[in-house]
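Protein chains in written order, with our numbering: chain A, 22 to 413; chain B, 22 to 413.
Be a bit skeptical, because a hint or two may be false.
Note that the list lumps identical chains together, so a pair holds whenever it fits in one copy or between two copies.
Heads up, simulated DSBU-like pairs for lysine-lysine below, C-alpha to C-alpha not over 35 Å straight-line [claimed, not checked]: (1) Lys163 <-> Lys125; (2) Lys347 <-> Lys50; (3) Lys402 <-> Lys125; (4) Lys217 <-> Lys50; (5) Lys339 <-> Lys217; (6) Lys379 <-> Lys367; (7) Lys347 <-> Lys179.
FYI, nobody ran anything at the bench for these hints, they're computed from the structure.
Each chain, letter by letter, is given below.
2 protein chains.
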Amino acid sequence: MLENIINNKNIINNNLNNFFKFEIIYKSKKSRARVGRIYTPHGIIDTPCFVGVGTNGTIKALDNKSLDELGLQLMFANTYHLILQPGSKLIQNAGGIHKFINRKNPIITDSGGFQVFSLAYGGVAQELKSKGQKKHDSSVLKINEEGVLFRSYRDGAKILLTPETSIQAQKEIGADIIVSFDELLPYNTDQKQLLKSLDRTHRWETRSLIEHKKNINNQALYAVLHGGIDKDLRKKSVETLSKLDFDGFAIGGSVGKNRTEMFEMLNFLMPYVPEDKPNHLLGIGDLESISGIIPLGIDTFDSSHPTRAARHGLLFTKNGLLRVFKSGNANNFGPIEAGCNCPACKNYSLAYIYHLFKSHELAGLTLATMHNIYFMIELMKSYREKILNGEI
Amino acid sequence: MLENIINNKNIINNNLNNFFKFEIIYKSKKSRARVGRIYTPHGIIDTPCFVGVGTNGTIKALDNKSLDELGLQLMFANTYHLILQPGSKLIQNAGGIHKFINRKNPIITDSGGFQVFSLAYGGVAQELKSKGQKKHDSSVLKINEEGVLFRSYRDGAKILLTPETSIQAQKEIGADIIVSFDELLPYNTDQKQLLKSLDRTHRWETRSLIEHKKNINNQALYAVLHGGIDKDLRKKSVETLSKLDFDGFAIGGSVGKNRTEMFEMLNFLMPYVPEDKPNHLLGIGDLESISGIIPLGIDTFDSSHPTRAARHGLLFTKNGLLRVFKSGNANNFGPIEAGCNCPACKNYSLAYIYHLFKSHELAGLTLATMHNIYFMIELMKSYREKILNGEI
């Protein structure tokens with residue numbers, strides 16, 4: 022099935038540039054879902070694709086060689102963390118992030134803005150879902166048209182993050198896909214403030230694009246669509262940014278305080294997002310959300326949920342989440358999930374993984390992480406098959 | 022060199038039984054050092070051999086498949102920990118420890134006595150090196166001729182550990198080499214108490230042997246030589262136990278409060294230890310001690326030092342210990358040690374491992390552990406070569 026479709030492929034856009042290419046292999050007839058391929062200097066990303074979060078240049082509890090063997094096609098790394106430790110210049114001196122962390126496959130970095138604004142407005146979760154107010158003890162010193170001045174939590178040094186410095190840092194890091202510098206506003210904010218922020222975000226993203234064009238460096242630059250939970254502003258954002266020469270579109274900011282609001286906003290927004298370029302939904306990846314966003318046409322999305330869940334002993338299976346400490350697991354000499362070909366399931370029993378967690382052994386975290394990542398890779402394969410088979 | 026000697030091998034003892042065999046390949050002419058091979062149902066152990074400590078059935082921060090790939094020939098697991106979690110019966114139900122933990126190579130378990138007596142007299146370090154006194158809040162309830170009654174720290178259950186129950190538990194666990202149940206006395210103790218303890222240890226070890234003979238189960242049983250820092254008692258212990266049909270001899274208890282005392286005691290003791298059977302030095306494995314004990318004829322020794330050091334960022338190199346945070350490492354894009362073929366050195370730079378430690382990433386602990394274990398394996402190869410070349 023897949024092979025036939027690939028041979029008769031309908032390439033909507035394959036010449037954005039010579040090192041980055043997006044190909045749509047199949048578009049669903051019953052939804053906006055599509056199966057595609059993003060070509061990067063470090064290989065192919067089959068879409069829809071789950072993007073694992075390796076904040077510091079490693080998926081937690083896993084080394085990158087093991088990760089490449091699992092087959093995760095795209096890893097998300099955080100520019101904010103990397104500029105503070107080890108520094109983007111050091112990564113450049115190492116020959117770029119792929120060489121520094123020994124990863125063969127594609128990498129995407131964000132702009133650093135999300136983390137810096139989280140510092141200003143409180144934790145990420147509070148910021149997106151509750152009353153975000155500037156924290157009293159924030160390490161963010163100044164936010165103005167130029168950018169954001171903040172203090173490193175590591176050594177107290179003042180760091181100025183602007184569209185230009187963010188892009189420059191992302192050039193030094195050298196991921197395959199980089200992201201424009203944007204302003205992230207709290208969920209609860211008034212219309213006037215939102216509009217002011219949106220206009221500034223668009224100016225910052227334009228400056229990001231100008232900086233990027235000075236030295237493309239075989240990297241693709243994504244815009245970030247904003248507008249919060251206001252449909253008119255979301256529409257304005259996509260209309261503004263899609264006129265510019267970005268290689269793809271990330272969806273950022275708050276898209277709603279719950280899953281229903283998110284689906285409604287994406288259902289409204291996605292028809293406006295240029296379909297010939299890849300899109301990425303930032304920071305969403307729980308299993309229920311995935312089943313909802315794929316029919317809306319999302320190509321890639323990143324989430325630390327599968328790996329964080331693994332470290333908390335929550336194992337992904339076709340029958341839902343399995344708590345490692347669930348009664349009966351201590352004596353279950355079968356794998357986490359029958360038929361799973363991940364290194365944890367091929368080599369170890371659920372009883373042993375239970376024992377490792379019970380004994381606080383780090384190997385338990387590694388094996389659970391391998392399983393959940395592999396589960397996500399297989400899940401995305403099955404979603405692509407379902408789209409190709411006309412089921413989504 | 023090695024091949025010639027193997028072809029003209031001088032087999033001192035190769036028929037202890039049909040599943041366990043010790044072969045001496047070469048005896049040094051300038052020291053008591055020897056190169057040998059222990060054959061077990063799960064493969065060969067080349068001696069002298071470093072034995073990695075996998076207390077709960079895993080080397081900390083490493084899974085057993087990766088460990089087998091590194092080539093560690095013998096792993097030490099702790100019966101005390103395993104009977105409390107997951108329980109020896111569960112391991113038996115899983116098909117034995119090799120199957121339960123997915124280890125292809127040989128395993129040795131101790132009797133559980135060491136940990137239980139540590140509970141009674143305080144931490145292992147204090148117990149061996151300072152004034153050991155029964156702790157007020159000890160979970161050890163009773164020590165008598167029968168054995169030791171203690172309370173599980175996990176669920177408060179009372180557990181009776183005797184020569185018989187220890188051997189039975191070790192049969193259920195199913196390691197290739199098991200160890201007799203012994204009494205471990207504090208370092209500072211009077212002569213009368215020491216003699217009383219030694220006699221009881223010999224009675225306990227005899228009971229262990231009797232229990233073992235009821236069901237040999239393709240396992241080899243080692244005696245534990247005691248006598249503390251008293252040479253006469255050490256001599257008495259080896260003379261008493263070498264008359265019995267043990268498959269090998271472990272050296273237990275305190276052999277001195279520092280390295281000098283240890284070397285002096287082993288120098289005295291080793292000529293009395295039967296040379297046709299393998300011996301094992303319990304709980305010693307720092308690099309300086311190793312260089313001293315090999316010329317004294319030690320075949321195997323276990324230590325958690327190399328793996329614990331790794332987790333604390335101390336990397337083993339031919340030029341000594343390298344602190345991961347040493348100035349300059351942040352920018353060192355070479356491996357931990359040039360020429361090292363371990364997975365950490367083959368795939369990652371010192372700068373990246375520094376970064377992982379600095380970022381508190383678990384992958385750093387895994388890579389450092391791989392390196393130190395591999396270093397120990399290579400170090401032991403070089404010691405064997407040196408003996409064969411007449412250098413030791």
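Structure-based check of all given hints:
1. Lys163 <-> Lys125: neither (38 Å within a copy, 59 Å between copies)
2. Lys347 <-> Lys50: neither (42 Å within a copy, 60 Å between copies)
3. Lys402 <-> Lys125: Answer is both; intra-copy 20 Å and inter-copy 33 Å each pass.
4. Lys217 <-> Lys50: neither (39 Å within a copy, 87 Å between copies)
5. Lys339 <-> Lys217: neither (45 Å within a copy, 62 Å between copies)
6. Lys379 <-> Lys367: both (21 Å within a copy, 33 Å between copies)
7. Lys347 <-> Lys179: between (48 Å within a copy, 25 Å between copies)
Hint check: violations occur at hints 1, 2, 4 and 5; the rest are consistent with the structure.
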